[in-house]
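Once you have looked at the hints, place chain B on chain A.
Keeping their order, the protein sequence lines are chains A and B. Quick note: the first sequence uses the numbering used here, first residue 1, plus one each step. Quick note: the second sequence uses the numbering used here, first residue 1001, plus one each step.
Any given hint might turn out to be false.
[Stated by the list, open to error] The calculated DMTMM-like cross-link candidates involving lysine to aspartate or glutamate, where the alpha carbons are at most 25 Å apart (straight line), are:
{"hint": "1", "chain 1": "B", "residue 1": "1097", "chain 2": "A", "residue 2": "413"}
{"hint": "2", "chain 1": "B", "residue 1": "1097", "chain 2": "A", "residue 2": "153"}
{"hint": "3", "chain 1": "A", "residue 1": "298", "chain 2": "A", "residue 2": "435"}
{"hint": "4", "chain 1": "B", "residue 1": "1097", "chain 2": "B", "residue 2": "1115"}
{"hint": "5", "chain 1": "B", "residue 1": "1097", "chain 2": "A", "residue 2": "147"}
{"hint": "6", "chain 1": "B", "residue 1": "1097", "chain 2": "B", "residue 2": "1059"}
[As the list claims (entries may be wrong)] Heads up, incomplete: computed chain A residues facing chain B, CB under 10 Å, no partners named:
{"hint": "7", "residue": "80"}
{"hint": "8", "residue": "82"}
{"hint": "9", "residue": "103"}
{"hint": "10", "residue": "131"}
{"hint": "11", "residue": "157"}
{"hint": "12", "residue": "160"}
{"hint": "13", "residue": "186"}
{"hint": "14", "residue": "187"}
{"hint": "15", "residue": "226"}
{"hint": "16", "residue": "228"}
{"hint": "17", "residue": "233"}
{"hint": "18", "residue": "359"}
{"hint": "19", "residue": "377"}
{"hint": "20", "residue": "381"}
{"hint": "21", "residue": "428"}
{"hint": "22", "residue": "432"}
None of these hints come from the bench; they were simulated from the model. Cβ coordinates follow ideal geometry from the N, Cα and C atoms, glycine included.
Residues per chain are reported as follows:
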Amino acid sequence: MRAGLAWILSLACCPLAGWPLLAHGSYRRFSLVCRLGLAAAVGGVLLSAWMTLFALAGIAWRPIPLVALAAAGAFLLRFLTGSHEALRREPAERAAPGLIENLALTLTAAAVLAAFAAAGSAAATSPDLFTIWGPKAQAFAGARTVDTSVLRDPLFNYLHVSYPPLVTNLYAFASMAAGRMAWGAATLTLPLCLAALALALPGVLRPLAPRRLAWVASALIVSAFGFLGNELDVAGNGEPWLWLYEALAMAVLAGEASLTAAGQLLAGLLLAGAICAKVEGLPFALAAVVLFLALRRKEIRIGPAATRLILPGAVCLGAWLAFGATRRLFYGYEQYGRFFDIRWERLGLVLADIARFLWRPGWALPWILPLAALLLAPSKARLALIPIVVAVTLAVFFVFTYLHSTDASLWIEWSAGRVFSPLLAFLAIASLCREGDGDQLEPNVTAC
Amino acid sequence: MRIRPDTPQLFLLLGGAAILTVLAITRLPPLPDLLHAPSTPFDHSAPPAAVRQYRLFVEAAAVVPAGASVSAICAPRSPACETSLHREAFALLPGRKVLAAAVWDTPTHSEDQADFLIVAGPKPATSPGNLLLETPAGSVWRRSGR
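Just chain A, same shape as in the assembly:
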């Protein structure tokens, strides 16, 4: 019990590490609560990045220096945010929250509590925690670095040797702090990630739409993830982390904050989190960045914007791939079949299976509801194309991946609900993108 408590409490180092950046004036546009959630997400990325860099350099992991370096890195990143005046404007809507907003907050809190109850009662535990994420983290914590002896052993091929390191790094960090891997505590990362998302998302969505709409959309996203967390048994695996990073990154990119250096840096760090949380974070990040640069090219300077969006992810993933290459462990992600070896004749079966297994958790309501909200939304803005096209791109990518298997039914059964789950957040965010709404910046501060 004590080890479990220490394990989960050690993750409080994430917001501590990220706070020096989020405390900068450039981010005061977001509320304190919102910045706390964002700091947790950013701190997780920085902590994991330093752990990977330490492993690459052959330096043993020690929790206190790692947190100190992550916090120092967050502080130094302040110098890349540009003028903090650009985003300093206070939100226009200062009235007390009304009935709708209070209902949205209540539902969000209830969804997080339900996820906590599900994870805490061992009802949502992912089997992958015990076969992949946890054993890797435990071995890394024991070795105080990325344990090459385990990754090199053919007996442990099932651990997905090249898989990006953020979740295993953070679990290893918590295991070092607690003295051992705490399996039950690791399942609580589901409600923890949802709580961070619940803190940050309403504020990040606020520039997109009126407050009541931004908060109810956030409530829908959090409640959908909370429901799926239990239905799909993801507590302890990488999904909750991917939800946190992808939903926040998309919300930042779709909003006006992404027109500033500070917003782009924040989006870049969140994209890095997505890239290093799960393999599907990479196609997400690539699609999101390309679309953002294409749609907003007239409002931004492409070079600096692309650098801020891409550099954090390139450093984090580059360090991981460099580690794999220098240790002769891997030279890229493992393949799920030969690229052009596509079984088109199975397309109908694959689509039918996907539909069947997305229907299972709550009659597909987690996807149908945000899609319906998108269809109902009045005066959609061109920017809605970013989340919509990213969602479509990822859906095509997943179908394409499944088409590489001779019989993907079982694979689809245990993975489709999970891999398609972030798409619901993109649809909900797209439903908020409208012309001339929200709490937008003055035109003279949008260029960076």
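Using the frame of chain A, we list chain B on its own:
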């Protein structure tokens, strides 16, 4: 009174959040199970056999010393079952040298070299060594002469 153009969307999002939250609550285990800590992280999310195996490994960790070699086998023998047992043993017996009796559903016979043997299922007809522990899920043995 004029209805705002976003009102239908607003109520859809709010109603959707309410439905999904209620659905999430209805899927929770019964209240008494929520009020006390689960005995394993699998209590309500895995088949009872997996819960029993988890308990077997946790109890085995108390009798298999750090640094010892250990292998997990199924009774009756099954390479598929032993492949998954090896993965669980690697997770739940840190600090021990876990030898795989089977990998990718193929027997390795490495269990012959292990100092300790964990048998999931009924006690074997012929004793593989000194019995250290017996639970409803299986037994733990120290191999003779080691």
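Tested hints:
In summary, the hint linking residue 1097(B) to residue 413(A) is not supported, as the alpha carbons are separated by about 34 Å, beyond the 25 Å threshold. Of the pairs offered as hints, the one joining residue 1097(B) and residue 153(A) holds, with about 13 Å between alpha carbons and a cut-off of 25 Å not exceeded. The suggested pairing of residue 298(A) with residue 435(A) holds, with an alpha-carbon distance near 17 Å, which does not exceed 25 Å. At most 25 Å may separate the alpha-carbon atoms for a hinted pair to count; residue 1097(B) and residue 1115(B) meet this at roughly 10 Å.
Distance hint between residue 1097(B) and residue 147(A) is fulfilled; the C-alpha atoms sit about 15 Å from each other, no more than 25 Å. Between residue 1097(B) and residue 1059(B) the CA atoms are separated by roughly 17 Å; this keeps the pair inside 25 Å, and the hint holds. For the restraint placing residue 80(A) at the interface with chain B, the shortest Cβ-Cβ distance is roughly 35 Å, beyond the 10 Å limit, so the hint is violated. Violation of the interface hint for residue 82(A) is found here, the shortest Cβ-Cβ separation to chain B being roughly 33 Å, above the 10 Å cut-off.
Look at residue 103(A): its Cβ gets to within about 6 Å of chain B, closer than 10 Å, so that hint holds up. Look at residue 131(A): its Cβ gets to within about 5 Å of chain B, closer than 10 Å, so that hint holds up. Restraint check, residue 157(A) versus chain B: the minimum CB separation of about 8 Å is within 10 Å; hint holds. Taking 10 Å as the C-beta cut-off, the interface hint given for residue 160(A) is violated, the closest approach to chain B being about 13 Å.
Of the supplied interface hints, the one on residue 186(A) holds, with its beta-carbon coming within about 8 Å of a beta-carbon of chain B, less than 10 Å. A distance limit of 10 Å between C-beta atoms decides the matter here; for residue 187(A) the minimum to chain B is near 6 Å, and the interface restraint holds. Satisfaction of the interface hint for residue 226(A) is found here, the shortest Cβ-Cβ separation to chain B being roughly 5 Å, below the 10 Å cut-off. With 10 Å as the threshold, the beta carbon of residue 228(A) comes within range of chain B, its nearest partner Cβ sitting at about 9 Å, so the hint holds.
Hint status for residue 233(A): holds, given a least beta-carbon distance of 5 Å to chain B, under 10 Å. Among the interface hints, the one on residue 359(A) is violated; its C-beta lies about 14 Å from the nearest C-beta in chain B, farther than the 10 Å criterion. Satisfaction of the interface hint for residue 377(A) is found here, the shortest Cβ-Cβ separation to chain B being roughly 5 Å, below the 10 Å cut-off. The restraint placing residue 381(A) at the interface with chain B is violated, with a minimum CB-CB distance near 13 Å, outside the 10 Å limit.
Using the Cβ-Cβ criterion of 10 Å, the hint placing residue 428(A) at the interface with chain B is satisfied: the shortest such distance is roughly 7 Å. For residue 432(A), the shortest C-beta to C-beta distance to chain B is roughly 9 Å, which falls under 10 Å, so the interface hint holds.
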